Amino acid sequence: MRIELMRVVSTALMLWACVGCSGDGPGSSTRSTALSAANASSNVAVQKAASSASSSTPGAQTGTPISQPSGSINVASYGAVGDGNTDNTGALQNAFNAAASSHQSVYIPAGTYNHSGTLSLNGVNVTGAGSQTVLRATNPDEEAIKLGSNSTLANIETSTRALDRSSQPDAAAIDVTGSNDGVSYVTTLGAASNGIRLDGATGATISSNLVEGTNADGIALMNGSLNNFVASNEVYQAGDDSFSDDSYTFDSRQDSGNVFSHDFALANAYGRGFALMGSTGDTIENSVTDGSQWMGIVVGTDSNSRTMNGSNDTVSNNLIVNAKGDAVDVMNPGGSLSQSGAGMNIWGNSTSGSEASVFGFTPATNLVDRYSITSYQPGTGDGSHNGS
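Start counting the sequence shown at 1; every next residue gets the next number (UniProt numbering).
Note that these hints are calculated values from the structure, not bench results. Model, not experiment: these values are computed from the prediction. Ideal placement from N, C-alpha and C gives every residue a C-beta, glycine not left out. You may find that some hints are simply not true.
DEER-style ranges, computed between Cβ atoms [said to hold, decoys possible]:
no., residue 1, residue 2, range
1, 85, 65, 16 to 22 Å
2, 305, 67, 44 to 50 Å
3, 312, 141, 35 to 41 Å
4, 343, 227, 30 to 36 Å
5, 304, 104, 21 to 27 Å
6, 69, 141, 32 to 38 Å
7, 227, 94, 17 to 23 Å
8, 67, 122, 36 to 42 Å
9, 90, 205, 48 to 54 Å
10, 141, 86, 43 to 49 Å
Kindly produce the complete structure, drawing on both the sequences and the hints.
Okay, structure coming up:
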């Protein structure tokens with residue numbers, strides 16, 4: 001599968017990437033040229049985003065497969081077969097459980113491993129061969145992979161064929177629910193709900209992942225998620241917000257202390273690039289949102305969605321390009337929009353091509369029902385970028 005993504009982040013910044021290409025990395029030569037131009041830009045936000053993008057390429061490693069780490073358990077020893085047909089739920093879970101008991105890590109070699117049920121990781125580190133290792137979920141209404149505590153997932157591609165948004169609350173591709181977890185260099189193609197969800201997670205690091213074609217938010221935090229670090233990820237064509245942290249009145253506790261840094265939100269089909277609704281003390285910094293269907297970045301309180309009152313969030317040194325609503329807004333209880341309030345710290349952001357500039361709030365162009373801005377589209381609309 002080859003997907004080429006074109007991202008225009010300003011006239012100085014054009015990033016190309018492709019999933020499943022050979023070579024050193026996605027679109028490496030064009031990407032390098034664009035990043036060099038971006039680093040020469042006078043825009044601080046562009047420079048910082050380019051610096052982060054230069055250091056690594058998000059998603060599972062392409063090219064030469066990653067070898068099995070010494071001392072790890074190979075899932076083939078437990079009967080897992082990467083033929084794209086066999087249901088490997090039991091075999092993979094048995095390997096994970098054995099590794100947790102023996103305090104070993106798990107290696108999944110190249111291949112496509114179908115699984116009809118949820119794969120649970122509890123106290124185990126799992127790595128694949130890179131983009132050649134595909135975990136294909138065949139039941140999109142179930143969470144595909146669930147991380148308990150002290151678990152990591154790296155260098156794997158997840159795939160879910162889901163053309164519609166699921167009504168099931170747990171239909172995420174990756175669900176992080178414990179403490180001290182990590183998800184890195186994972187490519188997530190398709191999900192009936194979120195691509196990567198943090199549900200009550202604490203102290204997780206979600207870094208250098210590529211999430212594409214989800215039917216709900218790309219990377220979403222909720223239900224009392226605390227002190228998590230979400231960095232250097234790219235979300236492309238999410239079906240709703242690209243990145244979100246929402247605390248609802250019916251949640252057990254309020255989300256707090258989460259940091260989004262050097263992330264890219266690109267061409268979502270509906271919603272905002274970044275949305276912090278009901279959280280407190282969160283940060284969005286040095287990130288880029290391009291082509292958001294509503295606001296580029298919004299923080300505060302969404303009374304219509306019954307969120308808690310958001311406060312004391314920081315939005316700094318971000319670049320907002322071609323948002324169909326305001327570049328940066330604070331949503332107040334009751335739904336009014338402003339550029340300040342609730343102790344929010346908003347500074348150093350830049351914008352181009354958005355409906356209104358940063359701190360350029362215009363009620364006539366912003367107090368618009370969100371459904372009139374763009375009709376709801378599940379994921380990419382036709383599922384062409386979902387898992388196959």
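So, going through the hints one by one against the coordinates:
no.: 1; hint: 85 to 65: 16 to 22 Å; result: holds (21 Å)
no.: 2; hint: 305 to 67: 44 to 50 Å; result: holds (46 Å)
no.: 3; hint: 312 to 141: 35 to 41 Å; result: holds (37 Å)
no.: 4; hint: 343 to 227: 30 to 36 Å; result: violated (19 Å)
no.: 5; hint: 304 to 104: 21 to 27 Å; result: violated (48 Å)
no.: 6; hint: 69 to 141: 32 to 38 Å; result: holds (33 Å)
no.: 7; hint: 227 to 94: 17 to 23 Å; result: violated (33 Å)
no.: 8; hint: 67 to 122: 36 to 42 Å; result: violated (26 Å)
no.: 9; hint: 90 to 205: 48 to 54 Å; result: violated (30 Å)
no.: 10; hint: 141 to 86: 43 to 49 Å; result: violated (21 Å)
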